[in-house]
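Number of protein chains: 2
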Amino acid sequence: MSVDADTFFSVLSHPMRLRSLVLIQQTDELCVCELTYVLDLAQPVISRHLAQLKHAGLLLSRRQGLWIYYRVNAELPEWVKQLIEVTTSGVASTSPYMDDLAKLKSMSDRPNQNCC
Amino acid sequence: MSVDADTFFSVLSHPMRLRSLVLIQQTDELCVCELTYVLDLAQPVISRHLAQLKHAGLLLSRRQGLWIYYRVNAELPEWVKQLIEVTTSGVASTSPYMDDLAKLKSMSDRPNQNCC
DNA sequence: ACTCAATATTCAAAAAATGATATATAGCAA
DNA sequence: TTGCTATATATCATTTTTTGAATATTGAGT
Numbered sequence: 141m142s143v144d145a146d147t148f149f150s151v152l153s154h155p156m157r158l159r160s161l162v163l164i165q166q167t168d169e170l171c172v173c174e175l176t177y178v179l180d181l182a183q184p185v186i187s188r189h190l191a192q193l194k195h196a197g198l199l200l201s202r203r204q205g206l207w208i209y210y211r212v213n214a215e216l217p218e219w220v221k222q223l224i225e226v227t228t229s230g231v232a233s234t235s236p237y238m239d240d241l242a243k244l245k246s247m248s249d250r251p252n253q254n255c256c
Numbered sequence: 141m142s143v144d145a146d147t148f149f150s151v152l153s154h155p156m157r158l159r160s161l162v163l164i165q166q167t168d169e170l171c172v173c174e175l176t177y178v179l180d181l182a183q184p185v186i187s188r189h190l191a192q193l194k195h196a197g198l199l200l201s202r203r204q205g206l207w208i209y210y211r212v213n214a215e216l217p218e219w220v221k222q223l224i225e226v227t228t229s230g231v232a233s234t235s236p237y238m239d240d241l242a243k244l245k246s247m248s249d250r251p252n253q254n255c256c
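Order-wise, the sequence lines are chains F and E.
Numbering of the first sequence is given in the working numbering, commencing with residue 141 and proceeding in unit increments.
Numbering of the second sequence is given in the working numbering, commencing with residue 141 and proceeding in unit increments.
A hint or two may mislead.
[Claimed, not checked] Pulled a few chain E residues facing chain F out of the computed Cβ check, cut under 8 Å:
1) Pro-155
2) Leu-158
3) Leu-216
4) Trp-219
5) Ile-224
6) Val-231
[Claimed, not checked] A short list of chain E residues far from chain F (calculated; beta carbon distances all over 10 Å):
7) Thr-167
8) Asp-180
9) Tyr-209
10) Glu-215
11) Leu-223
12) Val-226
13) Tyr-237
14) Asp-240
[Claimed, not checked] Which residues of chain E face chain F? A partial, calculated answer using Cβ under 8 Å:
15) Gln-222
16) Ser-229
17) Ser-233
What the hints contain is simulated information worked out from the structure, not anything from laboratory work.
What you are looking at is a predicted structure, and each value in this text was computed from that prediction instead of being measured.
Quick reminder that beta carbons are idealized off the backbone N, C-alpha and C, glycines included.
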């Protein structure tokens, strides 16, 4: 993977991208509609942020029917994976990350159960 | 310290700020003239980047005569210190970080020895 | 084939970050 | 005080990033 530190930090320099990454790291996999719901952003905005995270090499995606699921790339360099882990556990109990996770869990009609 | 993850990542999203932080972490303390030399930037540019790192809580500074030395804030939250350490060791053997350190070591007339 | 739902992409406008230049401050030394 | 050096700050033009809105794509169902 072509993840240099430069790219890593600049792609995470946007609050919503950071929140997205943390949330995905905490849940293994999320689809666009779940992030749209939790972060309360317009769909094209989320899509573009996810595309940036993917282009930077941090996320991978898979399609399942109409949904596209994003997950953290498991083949990142060790130090990058560590940064993601340390960040996630560092912020887990703080706002807005804590609330994001709570909001996700309270979301009804999540896909995998049924639909978006 | 008021270092939230948001601030942390956005203040490090500029290549020169990241290089500065890594170099300072590797050397304990550096003055502005040393960074200006190594990074080959105009003095006001370096000063502003350092001010941003300081304002974000990552760096502290002390004056010694005409020079101002910057160092990593030792009282950062544990997870932030870990991020800095992991990043520094993650990039230490890569470019341009490796070369920056080499260039610093080859710098003559460093202060503390004599002057800038 | 047609339609709908989820996601992606394009493009112009708005907002934010950056750098050049000039100027200010602070300490030292004569 | 004056002058010099290291660093900081202010202003403005430029570049980069981000967003809103419209449109395109892709797959599922009929």
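Hints and how they fare:
Annotation: interface hint on Pro-155/E holds; nearest CB of chain F at approximately 5 Å, less than 8 Å. Interface hint at Leu-158/E: satisfied, since its Cβ lies 6 Å from the closest Cβ of chain F, which is below the 8 Å cut-off. Taking 8 Å as the C-beta contact cut-off toward chain F, the hint placing Leu-216/E at the interface is violated, the least distance being around 11 Å. With a cut of 8 Å, the hint placing Trp-219/E at the interface with chain F holds, because the nearest CB-to-CB distance is about 3 Å.
A cut of 8 Å between beta carbons decides the hint on Ile-224/E: the least distance to chain F is about 10 Å, and the hint is violated. For Val-231/E, the interface hint holds, the least distance from its beta-carbon to any beta-carbon of chain F being 5 Å, beneath 8 Å. In this structure Thr-167/E is separated from chain F by more than 10 Å, as the shortest Cβ-Cβ distance comes to about 18 Å. For Asp-180/E, the shortest C-beta to C-beta distance to chain F comes to about 17 Å, beyond the 10 Å cut-off, and the non-interface label holds.
The claim that Tyr-209/E lies off the interface holds: its Cβ sits roughly 24 Å from the closest Cβ of chain F, which is beyond the 10 Å cut-off. Every C-beta of chain F lies more than 10 Å from that of Glu-215/E, the closest at about 15 Å, which supports listing it as non-interface. A beta-carbon of chain F is positioned within 10 Å of the beta-carbon of Leu-223/E; the least distance is around 6 Å. With a cut of 10 Å on Cβ distances, Val-226/E falls inside the contact zone with chain F, its closest approach being about 5 Å.
The claim that Tyr-237/E is not at the interface with chain F is violated, since a C-beta of that chain comes within 10 Å of its own (minimum 8 Å). Distance check on Asp-240/E: its Cβ is at least 12 Å (rounded) from any Cβ of chain F, clearing the 10 Å threshold; non-interface status holds. Using the Cβ-Cβ criterion of 8 Å, the hint placing Gln-222/E at the interface with chain F is satisfied: the shortest such distance is roughly 5 Å. The criterion of a C-beta within 8 Å of any C-beta in chain F is met by Ser-229/E, whose closest approach is roughly 7 Å, and the hint holds.
A least Cβ separation of about 11 Å between Ser-233/E and chain F goes past the 8 Å threshold, and the interface hint is therefore violated.
Violation of the numbered hints given earlier is confined to hints 3, 5, 11, 12, 13 and 17; the remaining hints are satisfied by the structure.
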